[in-house]
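Number of protein chains: 2
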Amino acid sequence: MSTESGTRRRISPEREAQLYGAVLDLLREVGYDALTMDAVAARTHASKATLYRQWGGKPRLVVMALTSQRRTRPDEVNTGTLRGDIRALVLAEDEETMAERSALMRSLSPAVHHNPELLQAFRDLLINPSLAELDVLLERAVLRGEVAAGRPALRFVPHLLVGALVTEELVGDRLPTHAFLLAYADAVILPALGVPVPDGNG
Amino acid sequence: MSTESGTRRRISPEREAQLYGAVLDLLREVGYDALTMDAVAARTHASKATLYRQWGGKPRLVVMALTSQRRTRPDEVNTGTLRGDIRALVLAEDEETMAERSALMRSLSPAVHHNPELLQAFRDLLINPSLAELDVLLERAVLRGEVAAGRPALRFVPHLLVGALVTEELVGDRLPTHAFLLAYADAVILPALGVPVPDGNG
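In the order they appear, the protein sequences are chains A and B.
Counting in numbering that gives the first Met the number 0, the first sequence runs from 0 upward without gaps.
Counting in numbering that gives the first Met the number 0, the second sequence runs from 0 upward without gaps.
Simulated from the structure, these hints should not be mistaken for lab results.
Heads up, the beta-carbon is just placed ideally off N, CA and C, and yes, glycines get one too.
Among the clues, some could well be false.
[Said to hold, decoys possible] Cβ pair distances, simulated, as ranges:
hint, chain 1, residue 1, chain 2, residue 2, range
1, A, 77, B, 171, 36 to 42 Å
2, B, 171, A, 196, 56 to 62 Å
3, B, 16, A, 78, 51 to 57 Å
4, B, 27, A, 131, 34 to 40 Å
5, A, 196, B, 143, 22 to 28 Å
6, A, 77, B, 32, 42 to 48 Å
7, A, 125, B, 77, 31 to 37 Å
8, B, 113, A, 127, 38 to 44 Å
9, A, 11, B, 123, 30 to 36 Å
10, A, 113, B, 15, 27 to 33 Å
11, A, 105, B, 77, 52 to 58 Å
12, A, 17, B, 123, 41 to 47 Å
13, B, 20, A, 149, 45 to 51 Å
14, B, 16, A, 198, 29 to 35 Å
[Unchecked claim] If the Cβ cut is set under 7 Å, some of the chain A residues that face chain B in the computed set are:
hint, residue
15, 26
16, 96
17, 98
18, 110
19, 113
20, 155
21, 161
22, 183
23, 187
24, 191
25, 195
26, 197
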């Protein structure tokens with residue numbers, strides 16, 4: 000592997016962003032199943048050999064393209080309080096971007112469930128890293144004494160966040176807005192973790 | 000409409016159950032998009048005219064078939080406590096049935112999002128009635144004094160329930176079990192509603 004990596008051509012961050020943008024465009028246009036490495040190669044004027052060498056295949060390329068869209072990592076948010084961190088996370092992405100990303104993720108859902116390699120790529124590159132980042136944010140709240148170390152709701156915070164994002168459209172017939180997510184955090188996430196919410200927001 | 004309903008032939012509950020069973024089988028075999036009224040008619044030896052007269056079309060027929068699978072309506076559970084009601088609801092369906100139903104609902108998700116008529120049928124026949132039934136269950140807890148009338152988490156209970164069901168497979172790499180759902184209710188739903196949980200279960 001060391002000799003191979005010695006001869007591997009590096010891809011610049013700009014070129015990588017351009018490739019990921021093209022992958023996301025194709026994903027929106029044709030969906031996961033119909034997206035081919037040939038089409039990515041043609042649209043980005045890259046060789047298929049480069050794409051395979053760099054990403055190993057379609058599942059990892061697509062998931063890395065999705066991962067590249069994330070603006071803010073939970074572990075990098077550090078306002079000094081859990082409520083502040085959650086609010087900062089919610090507000091880090093504008094509502095339109097949030098809606099577009101939700102639609103894209105949702106369009107991938109059937110493929111994820113029928114394609115073990117894609118599911119594995121999701122777990123390895125997106126889900127597990129995000130869970131670990133969220134754990135850092137929550138662990139800081141535990142260390143500050145805001146949340147009791149053994150609080151049972153700690154392990155369900157991912158379910159609470161995902162539930163808020165996926166359910167509002169179906170239950171509430173509208174996309175989740177910033178106002179909705181902030182109200183949900185104050186009404187559900189913080190009380191479940193035993194964190195007091197300022198009067199008038201609980 | 001009254002003259003038409005006067006000449007409408009009634010379908011027996013047994014025949015209806017048989018039709019819904021066939022629709023669900025077809026749904027599992029070919030998916031929503033490829034499911035045709037012709038195929039339903041052929042498999043059930045029904046005339047397409049009957050199917051259209053009774054259900055109005057594929058979206059309502061499919062959603063009614065899914066709705067027919069529900070064993071227990073939330074408003075019919077009445078144990079005397081909110082915690083008891085939630086536990087009874089969770090345990091009303093065995094884990095295998097729960098998993099099968101989740102898989103079927105998930106397989107429909109892309110169609111729901113691309114087909115306004117199917118989404119409308121879901122809202123009219125499944126989502127809104129379920130929300131109303133859940134409200135009855137929650138309203139009883141408010142009337143008993145278990146939950147404060149204006150408790151903000153009340154409006155988010157549907158999000159909490161759906162979040163638990165859809166996220167565990169992705170986050171936890173396993174289907175939601177009874178044990179998971181009961182622990183989630185004690186850790187999240189009841190604390191968010193301000194309902195005390197017995198020691199050792201919180």
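Those earlier numbered hints the structure runs against, lowest number first: 1, 2, 7, 8, 9, 11, 14, 15, 16, 17, 18, 19, 25 and 26
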